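If you want the building blocks of each chain, they are given just below.
Number of protein chains: 2
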Amino acid sequence: MINIAVVGYGNLGRGIEFACQKNKDMNLKAIFTRRDPKTLKTNSNAQVISVEEIENYKNEIDVLILCGGSATDLPVQSPKYAKYFNIVDSFDTHAKIPEHFNNVNKSALENNKTAAISVGWDPGMFSLNRLYANSILPDGKDYTFWGKGVSQGHSDAIRRIEGVVDARQYTIPVDSALEQVREGKNPDLSTREKHTRECYVVVEAGADKKRIEQEIVNMPNYFIDYDTTVHFIDKEELIKNHAAIPHGGFVFRCGETSADTKHIIEYSLKLDSNPEFTSSVLIAYARAVYRLNKEGQYGCKTVFDIAPKYLSPKSNEELRAQML
Amino acid sequence: MINIAVVGYGNLGRGIEFACQKNKDMNLKAIFTRRDPKTLKTNSNAQVISVEEIENYKNEIDVLILCGGSATDLPVQSPKYAKYFNIVDSFDTHAKIPEHFNNVNKSALENNKTAAISVGWDPGMFSLNRLYANSILPDGKDYTFWGKGVSQGHSDAIRRIEGVVDARQYTIPVDSALEQVREGKNPDLSTREKHTRECYVVVEAGADKKRIEQEIVNMPNYFIDYDTTVHFIDKEELIKNHAAIPHGGFVFRCGETSADTKHIIEYSLKLDSNPEFTSSVLIAYARAVYRLNKEGQYGCKTVFDIAPKYLSPKSNEELRAQML
Chain G
7 MINIAVVGYG NLGRGIEFAC QKNKDMNLKA IFTRRDPKTL KTNSNAQVIS VEEIENYKNE
67 IDVLILCGGS ATDLPVQSPK YAKYFNIVDS FDTHAKIPEH FNNVNKSALE NNKTAAISVG
127 WDPGMFSLNR LYANSILPDG KDYTFWGKGV SQGHSDAIRR IEGVVDARQY TIPVDSALEQ
187 VREGKNPDLS TREKHTRECY VVVEAGADKK RIEQEIVNMP NYFIDYDTTV HFIDKEELIK
247 NHAAIPHGGF VFRCGETSAD TKHIIEYSLK LDSNPEFTSS VLIAYARAVY RLNKEGQYGC
307 KTVFDIAPKY LSPKSNEELR AQML
Chain D
7 MINIAVVGYG NLGRGIEFAC QKNKDMNLKA IFTRRDPKTL KTNSNAQVIS VEEIENYKNE
67 IDVLILCGGS ATDLPVQSPK YAKYFNIVDS FDTHAKIPEH FNNVNKSALE NNKTAAISVG
127 WDPGMFSLNR LYANSILPDG KDYTFWGKGV SQGHSDAIRR IEGVVDARQY TIPVDSALEQ
187 VREGKNPDLS TREKHTRECY VVVEAGADKK RIEQEIVNMP NYFIDYDTTV HFIDKEELIK
247 NHAAIPHGGF VFRCGETSAD TKHIIEYSLK LDSNPEFTSS VLIAYARAVY RLNKEGQYGC
307 KTVFDIAPKY LSPKSNEELR AQML
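From first to last, the protein sequence lines are chains G and D.
The opening residue of the first sequence carries number 7 in this note's numbering; numbering runs sequentially from there.
The opening residue of the second sequence carries number 7 in this note's numbering; numbering runs sequentially from there.
Please note that the accuracy of each hint is not assured.
[To be verified] So the derived label-pair ranges between C-beta atoms look like this:
| hint | chain 1 | residue 1 | chain 2 | residue 2 | range |
| --- | --- | --- | --- | --- | --- |
| 1 | G | E185 | D | N118 | 28 to 38 Å |
| 2 | D | E199 | G | L115 | 51 to 61 Å |
| 3 | G | E323 | D | E199 | 31 to 41 Å |
| 4 | G | E66 | D | D233 | 31 to 41 Å |
| 5 | G | I245 | D | R188 | 23 to 33 Å |
| 6 | D | A265 | G | A211 | 34 to 44 Å |
| 7 | G | T78 | D | E199 | 33 to 43 Å |
| 8 | G | T197 | D | R40 | 54 to 64 Å |
| 9 | G | K89 | D | K64 | 42 to 52 Å |
| 10 | D | S321 | G | D31 | 33 to 43 Å |
Think of the hints as simulated: they come from the structure by calculation, not from any bench.
For clarity, every value in this text was computed on a predicted model and none was experimentally measured.
The beta carbon of each residue, even a glycine, is placed where N, CA and C say it ideally should be.
Full structure from sequences and hints, please.
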């Protein structure tokens with residue numbers, strides 16, 4: 007059994023609880039929280055412990071999974087805890103990955119620990135597919151589409167508008183764009199041609215819906231470059247129809263191997279729950295990190311550095327006989 | 007530059023020639039053939055050399071790519087040449103992979119060489135996707151569909167029928183089955199429900215078409231379990247419309263992470279040329295084998311054992327900054 011602990015008990019932490027139930031070699035031993043441990047209601051027998059005490063558990067935990075956010079939690083937590091634990095995180099601020107990698111790598115190397123950062127589906131499985139497909143078809147073009155799914159960042163941006171009580175924003179790939187790519191037409195697609203945005207918004211009584219709608223559709227960076235639809239709904243409907251956190255997307259590579267000989271590689275995900283799927287990827291990489299550390303492979307890794315065999319509970323012989 | 011040589015100059019060997027033109031770090035240095043070298047018309051400046059002389063070139067070639075067949079060529083060639091060269095092959099007799107692995111591994115380990123076997127798309131990229139997806143969604147179901155594409159084995163089987171001059175057999179996935187899987191319905195599908203087979207057959211003048219059609223559709227192992235359509239065409243039409251060797255397929259994993267929370271992972275390939283795509287995968291793994299050997303990682307590997315970063319010409323820093 008591999009002893010797992012999480013730091014943070016939000017959607018990702020709960021996802022790890024579920025994932026440990028699906029993986030027979032995983033034992034969720036502890037949940038570390040910044041909240042008062044007594045106030046946490048969990049779905050497993052894991053001990054709930056204040057994160058203040060985490061260093062006392064460094065000999066009991068094989069892999070620590072960091073379930074905080076990329077903005078402020080992980081840049082601090084991952085390098086800090088990589089001194090005491092093998093860790094996995096889902097750091098997803100693409101532009102800051104090199105800096106984060108270096109910080110975690112230093113901590114892990116100095117302490118003979120193994121870390122995997124930026125694990126999930128994007129970055130993560132989508133990145134892997136971009137790398138494999140680019141290596142196979144060097145003369146080609148990449149396309150990534152996201153959705154249909156809830157974008158947390160865009161939902162939050164709507165919530166910050168005056169008069170808005172709550173909101174859910176769906177990112178939706180444009181079907182005709184997907185079809186053009188799938189048919190090998192290699193289109194040049196603008197931002198607007200790739201995705202639309204659909205918003206479900208709950209407002210305060212008497213709020214100016216016209217003004218709110220204009221603020222949304224014209225919001226720089228978030229909405230102005232997209233065709234955006236705004237639906238005003240009441241709180242009950244939001245809870246009833248928009249509580250789930252689905253997501254997914256498509257990664258394409260379209261390339262030529264010789265004149266007029268085209269190939270299309272497509273990878274897609276359709277996820278009922280973005281955090282539960284991400285947690286399932288994190289658990290598979292926790293298994294890898296555990297094994298790499300046992301082999302003396304220390305330092306920080308990404309999905310690019312880890313051979314696929316390390317993710318599976320099966321032996322190398324079983325994998326060759328059953329899966330190749 | 008990585009110096010590449012091939013053994014065998016059929017469709018795969020020609021595909022390697024094309025792939026070396028698309029990859030700036032690859033130099034196709036030699037083509038080893040069992041034929042009289044003078045009779046070979048090639049599409050590159052590579053030296054054409056009798057395979058009898060291959061051992062004389064062991065210090066000039068970084069990676070030897072074996073482009074023969076799995077039935078009789080590779081079981082002999084791969085273990086034999088792994089004594090003198092780093093090798094890559096596309097051995098695809100699934101049931102015999104463990105034995106082939108052991109034979110190649112022994113040769114390579116004894117001689118500090120690195121080998122990658124069963125590289126291509128199935129086995130190869132499809133296997134990788136099965137492994138990743140199974141590791142992420144342990145509670146789930148796998149589906150593999152092949153096509154639309156030319157099955158060489160089935161085309162050959164038709165050609166062995168008395169009165170048949172030539173034939174091309176297409177394997178076609180059943181759309182409604184694909185849709186059920188894509189919608190997460192987890193259907194139980196029989197062989198007949200997954201694929202149909204379409205045959206284009208050229209017969210001798212005066213041949214008994216009725217008998218030939220019956221022999222095809224009732225052929226054990228190859229056709230009897232499928233809905234098979236037979237079209238009789240003339241040689242000109244076969245050459246004009248059925249000269250290409252397209253293929254492809256779909257790998258699905260449909261799984262649950264908690265009650266009623268489903269996820270679907272789909273990987274698909276649409277290939278204008280089966281051998282050119284396979285060759286492009288072989289070349290990416292030749293790069294990996296070259297690097298692994300430089301690092302002292304000897305012995306036989308499969309796609310499961312090789313970290314993705316080794317396939318790309320980009321540095322680890324570039325990969326993290328640009329592709330993660």
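Hints and how they fare:
{"no.": "1", "hint": "G:E185 / D:N118: 28 to 38 Å", "result": "violated, 51 Å"}
{"no.": "2", "hint": "D:E199 / G:L115: 51 to 61 Å", "result": "holds, 53 Å"}
{"no.": "3", "hint": "G:E323 / D:E199: 31 to 41 Å", "result": "holds, 33 Å"}
{"no.": "4", "hint": "G:E66 / D:D233: 31 to 41 Å", "result": "violated, 59 Å"}
{"no.": "5", "hint": "G:I245 / D:R188: 23 to 33 Å", "result": "holds, 29 Å"}
{"no.": "6", "hint": "D:A265 / G:A211: 34 to 44 Å", "result": "holds, 37 Å"}
{"no.": "7", "hint": "G:T78 / D:E199: 33 to 43 Å", "result": "violated, 52 Å"}
{"no.": "8", "hint": "G:T197 / D:R40: 54 to 64 Å", "result": "holds, 55 Å"}
{"no.": "9", "hint": "G:K89 / D:K64: 42 to 52 Å", "result": "holds, 48 Å"}
{"no.": "10", "hint": "D:S321 / G:D31: 33 to 43 Å", "result": "holds, 34 Å"}
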